[in-house]
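Asker: These are the residues of each chain, in order.
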Amino acid sequence: MRKIKDYILNAITYIASGISVLILGVLLVYLLVNGVKSINLKMFSDDYWAKNYLVEVDSDSRNFDSKYNGDDYYIKKYDIAIKDDDKEIVVTYIGENSQFNELKSLTVGDSLGMITPFDVGYKIESIEYLDSNGVISIGGVLLKHNAIEVAQILNENHVNSIYYQSTSGGIKASIINTLILIFVSLLIATPISICSAIYLNEYNSKNKFNQLLSVSIETLAGVPSIIYGLVGITVLFPVTQLFGATTTSVLLGALTMAVILLPTMIKATQVALAQVDQGLKDASLSLGATKVQTINKVVLPGAMNGILSGLLLCVSKVIGESAALVYTMGTFISDTPSLTNQGTSLSLMIYSIMSNDNPNFELACAISLIILVIVLVLNISVKLINYKFNKLGQR
Amino acid sequence: MNKLFSVSDVNLSYGDKHVLKDINIDLYKNKVTAFIGPSGCGKSTFLRCFNRMNDLIDSCKIDGTILMENKDIYNKKYDVVDLRTNVGMVFQKPNPFMMSIYENVAYGLKCSGIKDKKVLKQRVINALKQAALYDEVSTRLNDSALSLSGGQQQRLCIARAIAMKPEVILMDEPTSALDPIATAKIEELIEELKKDFTIIIVTHSMHQASRISDYTAFFLNGEIVEYDITKNIFQNPKDIRCENYITGRFG
Amino acid sequence: MNNLKTTKLNKIIDKVVSNIYLLMTLISASFMLIIIIFILFKGLSPFMSNYQYGVVNFLDFLFGTQYRPDMGIYGVGFIIINTLVSALLALSIAFPISVLTALFVVKIAPQRLSEFMKVVIDLLASIPSIVYGVFAAGIITKFTMTIASMLGVQTYGGTSLLSVVILLAIMIFPTITSISISSISSVSEDLQHASLALGATKVQTNFKVVLLSAKQGIFAGAILGVGRAFGEATAVSMVAGNKMFGPTFGLFNTTRTLTSTMIAGLKETSGLDYDIRFSIGLVLLIIILITNFGLNFIKNKVGKTHEKN
Chain A
27 MRKIKDYILN AITYIASGIS VLILGVLLVY LLVNGVKSIN LKMFSDDYWA
77 KNYLVEVDSD SRNFDSKYNG DDYYIKKYDI AIKDDDKEIV VTYIGENSQF
127 NELKSLTVGD SLGMITPFDV GYKIESIEYL DSNGVISIGG VLLKHNAIEV
177 AQILNENHVN SIYYQSTSGG IKASIINTLI LIFVSLLIAT PISICSAIYL
227 NEYNSKNKFN QLLSVSIETL AGVPSIIYGL VGITVLFPVT QLFGATTTSV
277 LLGALTMAVI LLPTMIKATQ VALAQVDQGL KDASLSLGAT KVQTINKVVL
327 PGAMNGILSG LLLCVSKVIG ESAALVYTMG TFISDTPSLT NQGTSLSLMI
377 YSIMSNDNPN FELACAISLI ILVIVLVLNI SVKLINYKFN KLGQR
Chain B
24 MNKLFSVSDV NLSYGDKHVL KDINIDLYKN KVTAFIGPSG CGKSTFLRCF
74 NRMNDLIDSC KIDGTILMEN KDIYNKKYDV VDLRTNVGMV FQKPNPFMMS
124 IYENVAYGLK CSGIKDKKVL KQRVINALKQ AALYDEVSTR LNDSALSLSG
174 GQQQRLCIAR AIAMKPEVIL MDEPTSALDP IATAKIEELI EELKKDFTII
224 IVTHSMHQAS RISDYTAFFL NGEIVEYDIT KNIFQNPKDI RCENYITGRF
274 G
Chain C
25 MNNLKTTKLN KIIDKVVSNI YLLMTLISAS FMLIIIIFIL FKGLSPFMSN
75 YQYGVVNFLD FLFGTQYRPD MGIYGVGFII INTLVSALLA LSIAFPISVL
125 TALFVVKIAP QRLSEFMKVV IDLLASIPSI VYGVFAAGII TKFTMTIASM
175 LGVQTYGGTS LLSVVILLAI MIFPTITSIS ISSISSVSED LQHASLALGA
225 TKVQTNFKVV LLSAKQGIFA GAILGVGRAF GEATAVSMVA GNKMFGPTFG
275 LFNTTRTLTS TMIAGLKETS GLDYDIRFSI GLVLLIIILI TNFGLNFIKN
325 KVGKTHEKN
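Protein chains in written order, with the numbering used here: chain A, 27 to 421; chain B, 24 to 274; chain C, 25 to 333.
I should point out that these hints are in silico values taken from the structure, not numbers from a laboratory. Check before you lean on any hint, since a few could be wrong.
Unchecked claim - Residues from chain B that keep clear of chain C, each with C-beta distances beyond 10 Å, as calculated:
1. 27
2. 85
3. 91
4. 95
5. 104
6. 120
7. 237
8. 250
9. 251
10. 267
As the list claims (entries may be wrong) - In silico SDA-like pairs for lysine to any residue, Cα to Cα no more than 25 Å straight-line:
11. C/166 <-> A/48
12. B/152 <-> B/191
13. A/63 <-> A/120
14. C/35 <-> A/76
15. C/142 <-> C/35
16. B/218 <-> B/191
17. B/138 <-> B/162
18. A/29 <-> B/146
19. C/142 <-> A/311
20. C/226 <-> B/162
21. A/31 <-> B/75
22. A/102 <-> A/175
23. A/113 <-> A/98
24. A/149 <-> A/179
25. B/208 <-> C/215
26. C/239 <-> C/324
27. A/63 <-> C/166
28. C/39 <-> A/192
29. A/63 <-> A/76
30. A/293 <-> A/247
31. B/140 <-> B/115
32. B/133 <-> C/142
33. A/31 <-> B/106
34. B/133 <-> A/362
Please read all numbers here as calculations on a predicted model, not as lab measurements. The beta carbon of each residue, even a glycine, is placed where N, CA and C say it ideally should be.
The task is simple: from the sequences and hints, build the whole structure.
Answerer: Okay, structure coming up:
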């Protein structure tokens with residue numbers, strides 16, 4: 027009887043653990059299935075918003091040594107190839123000498139006459155050409171032409187201009203914004219945290235004042251990050267105005283993030299400092315060094331690995347933060363990363379995508395995967411640092 | 024005099040360390056047998072063989088036979104859990120559970136399946152009385168066990184073991200963490216207990232061994248050097264090494 | 025003579041740098057004060073008589089059962105209840121699974137499996153909440169819809185109390201589990217040996233002695249978990265549905281929490297609608313404070329009954 031009861035209890039613990047493994051598995055599979063398709067190298071260098079270009083085309087024939095071997099519709103005149111992609115016409119090959127590499131913009135304004143970018147993956151929207159009777163006609167997606175028809179037009183007629191769209195859904199700007207965010211917030215948070223940790227650990231005469239300081243910092247850790255967002259937009263916004271910001275900005279996000287990081291970084295540094303052997307400190311002081319010298323020459327170097335782990339942990343936190351940044355950075359996905367303008371980090375980008383009326387799940391999953399990989403690498407690095415340090419300590 | 028345990032050619036090692044060498048000894052019912060010897064000579068390890076607590080250590084290997092009333096306790100036929108309900112143990116440091124006094128004593132009983140509240144209460148009270156603790160705690164059985172003094176906690180641990188009505192109680196230096204008065208109380212208790220139980224006690228203190236035990240075994244470097252009735256060991260040791268230990272020439 | 029000069033210089037540096045350390049600590053600690061003051065200030069302003077966008081009645085706000093920004097009605101009473109309900113339900117699901125998993129990892133699983141589980145838990149802990157949000161919007165909602173259709177109940181595309189609860193349970197699970205693993209690991213071997221020596225089986229020892237001794241630590245983990253459940257914003261907002269009235273007790277009805285309210289519709293908002301979020305933030309802080317105090321009080325009381333001498 028007891029054996030049965032024991033067996034059941036044991037089985038329950040297996041089941042409980044299995045549930046968590048199952049959930050992790052489902053989550054990863056979901057992200058992979060939905061996101062992998064969208065991941066490609068171009069993503070990292072593209073803009074998010076598609077740009078439209080109107081360009082003029084030189085219709086003189088040029089002779090090309092066609093190096094194209096693919097299956098798509100090849101247009102000899104321009105040495106490009108196009109294909110159908112779900113109601114759109116995508117350019118899949120551009121020859122080295124194709125004039126499509128140097129098309130000039132027809133859009134009135136600053137860019138008139140300037141060469142516009144044209145890359146594989148861009149979509150042809152419409153073309154203006156002269157038909158067999160010399161009449162100006164329009165062809166393209168609007169007229170429900172498919173790739174074969176467009177290819178024919180391009181090959182056989184004199185084309186005046188082409189209206190096309192660049193690829194979208196790129197995360198280049200968000201990545202840059204994330205890096206700026208990490209750099210600035212760590213720049214601010216690290217010195218403040220290390221100094222605070224040093225004070226709390228090495229100068230801790232047990233008076234009420236110090237206890238109050240300690241408790242305050244510990245309580246900060248329990249405040250939900252959205253509150254930091256609220257405080258950031260009220261208290262820190264004027265600070266960003268000094269730098270010329272007029273709205274929510276990456277700078278504001280970085281400042282807010284720095285405050286969020288304080289409790290984490292301080293705690294990590296405190297742990298690292300505490301692990302330094304008291305005997306080493308005593309030795310330094312007994313040789314006539316001052317407290318500050320001891321700290322800078324003996325304690326800090328000894329705590330380096332712990333501080334490094336703390337930094338990596340903070341980077342993880344910055345990448346993963348969303349709520350506070352929604353308030354302080356805004357959710358507008360900008361393609362021009364800048365310190366004093368709105369923009370999104372990778373996490374915010376996901377939030378922005380998901381809060382549209384028609385959320386692009388594939389893109390969101392793709393970015394999630396990228397974030398997960400980065401966070402995983404950071405976590406492993408922290409473990410490696412700790413492992414190496416422990417090994418050194420044992421020698 | 025009845026034999027309770029019959030130990031033949033027991034060898035035990037932890038990994039590469041050969042801790043017990045060719046142990047042969049018979050232990051008698053309703054007697055107090057003391058294991059004495061310098062630290063690290065294997066007495067506690069040997070004690071833990073009798074309730075197979077050494078099984079908990081992965082690297083431990085044991086050869087030889089230990090018969091309890093002619094049954095080999097290491098035979099796979101016999102359930103180790105059942106063995107432990109029959110061979111109780113008291114540890115060096117008192118380790119009551121974070122429960123009430125009552126619950127501590129009732130613990131083993133409940134685990135073995137006894138549910139009747141009346142039976143439980145009876146056994147708990149009897150055990151506490153036998154352990155000479157009942158008078159001190161009768162009015163506060165539901166108080167936390169941790170509110171007792173060190174000596175009381177150790178008697179509670181003894182009560183807890185006794186409640187299982189084992190044939191044998193193994194005691195691993197039960198008084199080394201206690202003050203002299205508490206120690207004296209427990210030694211008195213052991214005198215009483217041997218009427219109903221067989222007691223095997225590991226002790227650091229020779230004086231304790233000479234006071235309370237009927238038989239004494241002297242261990243040195245994993246071997247039993249001399250085993251005899253206590254009076255002989257202390258007044259007329261046959262082995263020179265035993266004599267040296269007794270007279271304090273080495274500790 | 026040189027030595028004296030350098031020693032004097034060193035002493036001055038020492039004093040200056042020590043004060044810098046102190047200054048930095050003051051800055052860090054002051055943020056707590058700043059947070060309290062500003063949330064209080066901005067949070068209470070809509071209730072002050074000179075509020076520029078039209079005073080809001082405090083009692084209506086605190087006990088209201090409707091939150092309709094379009095009609096200018098801001099009542100968070102039902103939202104408070106929703107937040108409590110969802111957090112507590114999530115805890116009741118996550119807690120047993122966490123404790124059992126922790127017990128499994130420390131005491132029951134063989135070495136390799138235990139290491140593997142620790143990696144799994146670590147991974148779950150490091151997934152940012154926004155990614156959980158995507159997962160929730162994609163899979164958890166579908167799960168809820170499947171269950172709902174099996175029961176013949178309608179849902180709004182899966183956004184519902186049930187989805188929120190499942191999401192929160194998954195998110196607080198790693199927190200509670202890792203703290204429980206620490207507590208269970210530090211139960212003394214002595215106690216476990218004592219139990220085994222009394223003829224208890226390993227399983228009995230695990231459930232009766234080990235869990236009991238690790239009680240305080242496990243409870244602390246649960247408190248931390250609840251705190252996280254209260255504060256989770258972006259992920260919850262993606263599956264809550266943001267119902268305008270309530271409170272919601274039906275598992276398949278949409279709901280809203282304090283945090284999801286604070287974050288919803290942030291893109292196009294101004295004036296009272298914007299400021300009221302600070303008031304909601306204030307309410308959130310107070311709720312967290314009260315729950316923390318209450319739970320810690322209970323934890324200490326339970327701990328006191330087994331205090332050592």
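Asker: Are the Cα atoms of residue 142 of chain C and residue 35 of chain C separated by 25 Å or less?
Answerer: The hint is violated at about 49 Å.
Asker: Hinted pair, alpha-carbon criterion (25 Å max): residue 293 of chain A, residue 247 of chain A. Please report holds or violated.
Answerer: 10 Å, holds
Asker: Confirm or reject: residue 95 of chain B is not an interface residue toward chain C, with every Cβ-Cβ distance exceeding 10 Å.
Answerer: Given a closest Cβ separation of 19 Å, the condition holds.
Asker: Within a Cα-Cα threshold of 25 Å, do residue 29 of chain A and residue 146 of chain B meet the stated pairing?
Answerer: 24 Å, holds
Asker: With d taken as the least Cβ-Cβ distance between residue 104 of chain B and chain C, does d exceed 10 Å?
Answerer: 5 Å, violated
Asker: So if I understand the rule, the pair passes when the alpha-carbon distance is 25 Å or less; does residue 113 of chain A with residue 98 of chain A pass?
Answerer: 15 Å, holds
Asker: If I take the minimum Cβ distance from residue 85 of chain B to any residue of chain C, is it greater than 10 Å?
Answerer: Given a closest Cβ separation of 17 Å, the condition holds.
Asker: Residue 251 of chain B clear of chain C by more than 10 Å, beta carbon to beta carbon?
Answerer: 29 Å, holds
Asker: Could you let me know if the closest chain C CB is still more than 10 Å away from the CB of residue 250 of chain B?
Answerer: 25 Å, holds
Asker: For residue 237 of chain B, which was marked as not at the interface, is the minimum beta-carbon distance to chain C over 10 Å?
Answerer: 24 Å, holds
Asker: Could you grab the alpha-carbon distance between residue 63 of chain A and residue 166 of chain C and see if it respects the 25 Å cut-off?
Answerer: 21 Å, holds
Asker: With a cut-off of 25 Å on the C-alpha distance, tell me whether residue 208 of chain B and residue 215 of chain C pass.
Answerer: 24 Å, holds
The structure shown violates the earlier hints numbered 5, 6, 14, 15, 19, 20, 28, 31, 32 and 34.
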